[in-house]
Structure formats: C-alpha cells, structure tokens
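Chemist: Turn these sequences into a full structure, and let the hints guide you.
Positions 0 to 206 (numbering that gives the first Met the number 0) are the ones given, in order, by the sequence shown.
Just so you know, these hints were derived from the structure itself, not from any lab. Mixed in with the good hints, there may be bad ones.
[Unchecked claim] List of simulated lysine-lysine pairs, PhoX-like, C-alpha gap at most 20 Å:
1. Lys13 / Lys62
2. Lys4 / Lys197
3. Lys14 / Lys87
4. Lys192 / Lys4
5. Lys13 / Lys54
6. Lys66 / Lys13
7. Lys54 / Lys66
8. Lys54 / Lys14
9. Lys197 / Lys13
10. Lys14 / Lys191
11. Lys14 / Lys62
12. Lys4 / Lys191
13. Lys14 / Lys197
14. Lys13 / Lys192
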Amino acid sequence: MSFLKNLSWRYATKKFDGRAVSASDLDSIVEAIHLAPSASGAQPYHVIVASGELKNQLIQSSKQIGKIDASHLFVFCTRTDYPDRAEKQIALVAEIQGTTIEALAGLRTTVDRATLVEPSALRAWAARQTYIALGFALAACAELGVDAAPMEGFSPAEFHSILGLPEYIQPVVIMAVGYRDPADPAQPSMRKKVRFPKEDLFDFRAE
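Modeler: Okay, here's the thing in structure tokens:
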C-alpha cells in the first residue's frame, strides 16, 4: 500500500484484539518519533512506552478511556526544562556536526529568547511540538499496519503520579497501539471514514 492508502486504512481504533506489537515495529515507531521535526530541533517532550501491568494501571486510572486491550500505551509528555536542556542541545549539535559552540550563534539566540518566555507560553509551545511527534507516530503505525488510537480522555495528574515523573515533565496525550478487533464497529470497513471536503479545508492562492 502507498502512504496515502495506509492513511486511509488507519482509524482511531476503539477495540483491540489483544495481540502484541513486535519489538521491531515498536522500534520503528520510536524511531519515527525520534526523527520528528520540532522547533529548533529542541524536542521538548518525553515519551513513556508502557506495557504489562503498568499499561493496565494507567488505563484503569481513567474511566474516560474505557477498557482497552491494546498492546502498548505511548504516553506523550511535554517538558518545560528547555532553557536548561538547551545548553545540552547546543553542545550536542556542536559535537555531532563537528563545529564549535561559538559558531552556533543563531541557535544561541533562539535559546536565549526561550529563557524570557512565560511558563504558560513555554508549556503551550512544548505541547505543540509534542503533537507533531504524535502525528509522526500515527503515520508510522499506519505504514507498519499497526492500529493506533490517540486520546486526551485521561487524567494527566494521575498518570503523572503513577509514572513518578518530575514536575517539568507533564503527560498531555496518549496513543494506544495494537491490532483492531474484527468486531470493532468503528473500523472503515464497517463505517465509512468521514472528512470535510477538501474545498472546505484548503485554499490555494497565488496572488
């Protein structure tokens, strides 16, 4: 299948059949997240890939999610320690690209601006970058033939507590992965995918 056919095949799976996603496919999904673009390459997020009893505990903590027999649960978190973490980023760029920290003046300017951002704005910025990573994860799942369901209907505070995360790392969205149950009424083969017409979503301009 082509990429677009794969995207047409995917849907927000409501009922999984309990089969486990292979380690190699999990590695590919993780790599897609790793390669996702982010502003200035900052990657202001952290992703927990939960399975087993931890996955079950997380799912059971939020009644909004319902019963999900997914293989794994990806917990996408924002991180607001960017001003401090950015120093490591600059050093990493210099090391990998074989240049000096002094030569990265443009990146340094971006980092310095980040230190002046209000905490609420920094959280919102980090969340936007995190959702880009989620998009790449969903696309990777479609390419691999792995079903996935992104969700916000959970308790970030409970997830934060269960996972024992520091204050600067906060859960914002989750993605369950596995394989669709043939009886899932939400799948495209049983219920047509609905999208607004392209004329409503796109406006091509040349003036």
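Chemist: Each hint needs a verdict: does it hold in this structure or not?
Modeler: Verification of the hints:
1. Lys13 / Lys62: holds (14 Å)
2. Lys4 / Lys197: holds (17 Å)
3. Lys14 / Lys87: violated (41 Å)
4. Lys192 / Lys4: holds (13 Å)
5. Lys13 / Lys54: holds (16 Å)
6. Lys66 / Lys13: Holds: Lys66 and Lys13 sit about 9 Å apart, inside 20 Å.
7. Lys54 / Lys66: holds (12 Å)
8. Lys54 / Lys14: Distance ~16 Å between Lys54 and Lys14 Cα, so the pair holds.
9. Lys197 / Lys13: violated (26 Å)
10. Lys14 / Lys191: Holds, because 17 Å separates the two Cα atoms, which is no more than 20 Å.
11. Lys14 / Lys62: This hinted pair holds, its Cα atoms lying about 16 Å apart.
12. Lys4 / Lys191: Holds, at roughly 14 Å.
13. Lys14 / Lys197: violated (29 Å)
14. Lys13 / Lys192: holds (14 Å)
Of the numbered hints listed earlier, those contradicted by the structure are 3, 9 and 13.
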